[in-house]
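Could you build the full structure based on these sequences and the hints that come with them?
Protein chains in written order, with the numbering used here: chain C, 5 to 323; chain D, 887 to 1538; chain H, 3 to 157; chain A, 1065 to 1341; chain E, 2 to 354.
To be clear, the hints were calculated from the coordinates, so they are not data collected in a lab.
Wrong hints could be hidden among the right ones.
[As the list claims (entries may be wrong)] Have a look at the derived ranges for each label pair, beta carbon to beta carbon:
hint: 1; chain 1: C; residue 1: Glu187; chain 2: D; residue 2: Lys1115; range: 48 to 56 Å
hint: 2; chain 1: C; residue 1: Lys193; chain 2: D; residue 2: Lys1280; range: 41 to 49 Å
hint: 3; chain 1: E; residue 1: Val198; chain 2: C; residue 2: Gly44; range: 52 to 60 Å
hint: 4; chain 1: D; residue 1: Ile1494; chain 2: E; residue 2: Phe347; range: 33 to 41 Å
hint: 5; chain 1: E; residue 1: Ala18; chain 2: A; residue 2: Lys1154; range: 57 to 65 Å
hint: 6; chain 1: E; residue 1: Asp313; chain 2: C; residue 2: Glu187; range: 48 to 56 Å
hint: 7; chain 1: C; residue 1: Lys17; chain 2: D; residue 2: Gln1478; range: 35 to 43 Å
hint: 8; chain 1: E; residue 1: Asp313; chain 2: A; residue 2: Lys1154; range: 43 to 51 Å
hint: 9; chain 1: D; residue 1: Ile1494; chain 2: C; residue 2: Lys193; range: 40 to 48 Å
hint: 10; chain 1: C; residue 1: Ser113; chain 2: E; residue 2: Asp230; range: 39 to 47 Å
hint: 11; chain 1: A; residue 1: Arg1132; chain 2: D; residue 2: Gly1483; range: 56 to 64 Å
[To be verified] The following residues of chain E were derived to be distant from chain A, with all beta-carbon distances above 10 Å:
hint: 12; residue: Pro43
hint: 13; residue: Glu44
hint: 14; residue: Lys59
hint: 15; residue: Gln93
hint: 16; residue: Ser110
hint: 17; residue: Pro159
hint: 18; residue: Pro196
hint: 19; residue: Gly213
hint: 20; residue: Lys214
hint: 21; residue: Pro216
hint: 22; residue: Lys343
hint: 23; residue: Phe347
Glycine residues also receive a C-beta, built at the ideal position from the N, C-alpha and C atoms.
Below, each chain spelled out in residue letters.
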Amino acid sequence: MKFQEELKESIRKALPELDVVIGWCGSFDPLHATPHFIYGEEDIEKLEISPLNVHNLATYLPGMRGKKVGVVVKGCDSRSVVELLQEKLISRDDITIFGFPCTGVIDQSKVKKAIGYVGNVQSCDMSDESLVVVVDDKPHSLKLSEVLAEKCKSCRYPDAIISDYFVGDRIAKKDPAEPNYKELEKFEKLAVSERFGYWLKELDRCIRCYACRSACPLCVCRDHCIAESRDPHWLSQENNVRDKLMFQVIHAYHMAGRCTECGECQRACPVDIPILMLKQKMNKEVLDIFNYEAGVNLKDTPPLLSFKMEEENITEKDW
Amino acid sequence: MKIGVFVCHCGSNIEATVDTATVAAAAREFPGVVFATDTMYTCSEPGQDEIVDAIKEHNLDGIVVASCSPRMHEQTFRRTVERAGLNKYLFEMANIREHVSWIGKDREANTNKAVDLVRMASEKLMNNQPLYPKKFTINKRVLIIGGGVAGIQAALDCADGGLEVVMVEKTSTIGGKMAKLDKTFPTVDCSSCILGPRMVDVAQHPNITLYAFSEIEEINGYVGNFEIKVKKKATYVDWDACTGCGICMEKCPSKKATDTFNEEIDFTKAINIPFAQAIPKKAKIDPEFCTMLKKGKCGVCAKVCPSGCIDYEMKDEFITEKVGAIVTATGFDLFDWTVYEEYGGGRYPDVITSLQYERMLSASGPTGGHIKRPSDGKEPKDVVFIQCVGSRDKSVGRPYCTGFCCMYTAKQAILTKDHLPGSQSYVFYMDIRAAGKLYDEFTRRAMEEYDTNYIRGRVSMIYPKGDKLLVRGADTLMGTQVEVDADLVVLAVGAEASKGASKLAEKLRISYDSYGFYMEGHPKLKPVETNTAGVYLAGACQGPKDIPSSVAQGSAAAAKVLGLFSKDQLESDPQVSTVDIKRCIGCGKCIQTCPFGAIKEIDFRGMIKANVIETICQGCGICTSTCPQGAVQLQHSTDNQILSEVNALCQF
Amino acid sequence: MPVLEGKELRIVGFLCNWCSYGGADTAGVGRFNQPTDLRIIKVPCSGRIDPLFIVKALMNGADGVLVSGCHPRDCHYSEGNFYARRRLEIMQKFLPILGYEPGRFEYTWVSASEGQRWQQVVTEFTDQIHKLGPAPKIVGPEASDTLSLMQAALK
Amino acid sequence: MSTKNLYLPEIATIQEVIQETHNIVTFRVTLNNEEAMAKFKFEPGNVGQLSAFGIGESTFVINSPPTRMDYLQFSIMRSGEVTGKLHSLKAGDQIGVRAPLGNHFPYEDMKGKDIVFIGGGIGMAPLRTLLLFMLDNRDDYGKITLLYGARSPLDMAFNYELEDWLDRDDLDTHLTIDAEFDGWEHEVGLIPNVLLDIAPSSENSVAITCGPPIMIKFTLQALEKLGFKDEQIVTTLEKRMKCGVGICGRCNIGTSYVCKDGPVYTGAQLKKLPNEL
Amino acid sequence: MTLVKYLKSTDLKSWLAELAEKNSVFAPRYEGDSVIFAPFDPEQEIYTKSAATVPPKKTVFPQSEKLVDFTYHKDPENPGKTLIDGKEVLPQGTTVVFGGRPCDVRGFSMFDRVYLTKETTDIYYKARRDNTSFITIACEFTESTCFCHWVGSSPSDPIGSDVLAVPVKGGFLLTAVSARGETLLTSKLLLEGKPKVEEAEEVLDKVMENLGKAPDLSKSPGKLLEVFDNMEFWEKVSAKCISCGTCTYLCPTCYCFNITDEIQGLKGSRIRSWDNCMSALFTMEASGHNPRPTKAHRLKNRVGHKFSYYPDLHDGIISCYGCGRCIKSCPAGVDIREIVLKAIEFMPTVVEE
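Below, the structure is given as structure tokens:
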């Protein structure tokens, strides 16, 4: 990426004042990136900006309270930072934000689907339009647009909304202006029993690792999540799909009006359960009822933590 | 836990449609239940003794009574279990009367439902914990907000009872609406003759501190220990030095200042004392009209003031007062009648409000007690009174009856005749509401002795006709249309909550209705209490009231305060939220949503945690449903308690 | 004791202590006949109701959930029902995606004096749930346990 | 290989409940299966898992000695959900017992030596079993000194036998509390300080100490000052445990599983373990 | 003479259907975008190309299982008297797991040393272990996350398996590697395997070649203890860990569990469920004290357990078989190989006095 060197330069400048800067670097194969913690000069060179940088690094911030942390953010990640700041879960003074114009990240599941087997990736060359992945000596050419994460296709915030350093040229806001809930709307049209059955079938393979929650930048209960507590005792440890689904509802509700749809829950799920849809549904309703979008404005209050005496968009049942 | 279950027949009230013996038998199968029986009247003395005996005999440590609503007898049974040595929170009720036996006749379904409710109660009970109230000391000072007749009464009763009283009045004199009145019904005695001495008592009472021309800025704390921030608005006159001599007012060249005390029927000076009997009798400058303050020129008052107390640089001052209880007596204001286009919408000078008329009748008023038409200063001959302006009128959003207008209109009609023997009064009314001692007799006097023409009907239109006003209305008794050529029209304008009442309510954390009137604790049984402990109501702030009712409430509120302060320590209700410090992650969401400001951030070994101030917490539980990790739990309604009820209902 | 087979469905009510529970009492005192399906859980304030209780009830086998609190502005705690309104509304709009029909859960406001209104609310809501029929139930540990039951029911 | 079910508790009945302090109760229990009770064997220091069925299990040391088998005694300090439930139980109620588990005090190695017991708070419970065992085999041991401390007299458990211990000639008992208290006739001061005052000889001695971590830390320092070597010190460790048989994986310190290889460790053994208490 | 058979891919389902008559059969298949072991369903395609997303651990060690069912019995004469009975809930029936990989299946040998020792026998584990057979597919491809050869295993390691299936053209060469395995290879659908032996060997040789050279991990037990107290080291290597449980739940050798009770009314169960040493709750004591309070402590224990403590207790055997799932599925890209190598290379900085 053109501005990668510029970014490194900014980090080099800011690093002496910081305990650590979090960015990304290459991982176990050329098709993967991993979060990269930069403690000193020697770590800067490894930093790489690429469409493989799926991880929302804001997730690390609440756990690093008290430290001076630099964080590199994509546009969508910056919304998590805004939301965290808004909820005072991190302090603005402690964090330094590095932003860049993001053109989207790659959805590994889509790559897997397109190529079939990606166990042994030898190389991955990326251009603005396409990528060529070599697996077991066989090159596969893919259009970037085919493997772009769903959230990126309708991205409205490609540039970090908040940053101390911004490298590269800002991308003007792309259309559409409204979030894209086409898939969700399609699902909502299914019969109730189909919807009910769908979730049971999908959640059946959940292994209750709670990566969805651990990867969520706004799941700040961390060690005290009610998924595993007995006081309050919301969920049993029994092997049943009911509790697995209940947890997803708990997560979605706790995220209501706070979720920025970064999609980390679904990306982190080791068994690819499409749980983002539940959060999207919540967000869609939040937008409808409260005309509110999380993580956009530092001064906002999440709608469920506030109220109006007269709610314009709530029509109560007339008995 | 060893639970005892008592299923009450309530005579035949329950037994007629619920098989209580079956309910008791079913309860014996529930976890934890070691004893279950049905009893005739559980709340009776033998019934209660049975509970006490069973607790002792079966070593019970939890009791379920299935009977009437807990709103009826929860307190009763809590005392019963306490008598037997159990903590009173190790008790639950199942409401099988109001919610079961009285609302359906199907005995099978009712019995089945009663069993469910008992199961729910006993499952919850298994999650109950003994709770203990905390004791705390109280500051035996009381704040009275508003210096009208209700506030004055409350203040004097409290002060005479030995309490230190702080009174805050937003205008520059106490006395309120009553001070503006000429005479009072039904005795037609002079208003200021009754009120005046009471006002003086306030000023002179050693236990009363008066802050006039002041407002409540902030209220913190809780019953027994409130901390009040009072804003003393700048008067530009050093009140410690001002003697109230009135020379400044006399000499002030700015003569067009708004005279709120006289309901704007005349103007006053930019520096003024509202009226001769004002308490405190101190001058204040209205900066809107003072040329010195506006343009930096003039300075006449400073020059003439014999005690040199004018201070153009004066700023608002903030004072903190600590009190243990608060009486709000903020009174009422008049409805903005100009929304009535049919009455001219305020365009006709000779259509005035009853309160303006009151000032006109008053010997100390701007007309010196002479009735004069505002338009030309002539004495009117035909005076029309229109009732229910902004009362009992849904079309203007005021469906309620102000209650005292019928009476003062009768009084004003009588006074009109007294002042102008040749005059004729007409009263357009909807109904005469004269329920009070000597009230009905009084209205009859107005009609019979004073020849007031009472016309039952609404006025549909007023329009000018020469120098008169043509008042057209219906006489619904005669079924005819009536027209009166009036010299003066007096509108009996309804009362509404005083301006700023809702803002103050939010500071006090008390509820108010959609008209801004404060909500009492219970419409019958707690007329002067609010739902916030330590905050009481007196007078028209709770709803329109006449003088005797307001005074009665002032005394009632004072009695409540004296009662509260009769103890040296208060006990807090232990059904409050507590924070599990281990689970709390310090996100502050509970702090943000608590309506009472009862949760504060604390530092716990370097970590931010939430902490509930038990005495402020009112036990609503909003924090509990807000906390995502369940670290804040409302005692006696914890997540686990409610979940156990849900499970008891859904999983069997 | 389970619900009366064929006669009743399982309806859970969450009522605030100050208004709606009192309203239900008033209905009782007035001997206003009501269907017997509903079981009431008393909470101090509608603001205490975590909307997840509603989901928990439905997933545990309730066929309908009814929440009632004080009318807006009449909250005993001044703000509880304002928070509740937002939270309950969002959950009501959310539930259909899980496969619960709209109408399985309703919330409303009933004051302590509105016994008649309470009777009407209970009657209408019970009727509404009976029209919807039993809610889908999750049985057994595996999804297939429930899914095969659902399929059998369709046949 | 054994075919015994490691996780199936024996059902036992609480014969007696003693309220020791505001947050400690003692249960005296017998196994319902009379044969199992008759055959029940354990060593001083062994622990057991008590079940409150429906809530869960928690680990407690058997604090009655194997020489007195009328009942098994456990003392339970209220700290979490299981202990909370156990505290609500009464005589006649039933619980589950999985015992004996873990290792035990090396009392064979202590024969012929002087013994110093230093217990703080609920830490007295594991010492009690060994103390009573030694008193029941008094001739096997030299001088026995007991130092038992608690925050205040109200926090002192086993009140019903302290008088007897104080009266005995063959036991040198010292009781201490943290701060002055009306009517308290014994020592006042923190355990490590009182220990230094008593100054038991380290020669041919073993010190056995148990109590809260902070007390242990300073007691070990005091013992070092008194000349006790690591091998002469024995203590017990606490960890969150579930299976109690070294499988479930949470109570290990490096290679040592506290539930199976502990809870009793000598100072020397502790020094060899990685630092993860 | 070892029993070898040839199975045509086209006969796979029929063969599994035969096995399913007497056993419950698990086979890998796509569920959504991931491959998991599910009860054999002839309607669904079986996935055999590479390792499944989730290993077949649950077939012997379920994610959650009942240990004891207990009931409070009330004395009808005296409701105050309640008796408790607890009954063990032992698994029944036999299971055949098709399509695990050597690393998946060998994982159970790691369990055996802990669950089935001289003093302690976990009868629940034993009941499943004794009644579950594994038809394991040797790996024809290697993945970038594979490192079985680092830890003493290989793509055709037969330990723990009953039948080893090597992919050959058009099907699999099935070799019985246990007596139980031989009884599985009696179907008429299976053809003589000898002609395919050579081809199979070539496949396996090629895989080994692809894997490359393995580093020497023999020093890991000692080196990991050496860096035990170096919290800076552990904080750095654990920095990107998000403390979820993916690595442990997907690990074929992770065997830790939790025991919890659930009760409804008078009946309840004691449940054993997978637990996760990356969670703070794993070691959290009731008092609030936690011996492993940070993710650095916890990751240290996870790596330490596999590469130091376990080998120290069990003849130097590393309790990791290099399946690489913890690397591949880690949402944050934590790579256990990297940590172990760093620990081995680690040279403490000598502070000069």
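Checklist entry - Going back to the hint list, which numbers does this structure go against? => result none
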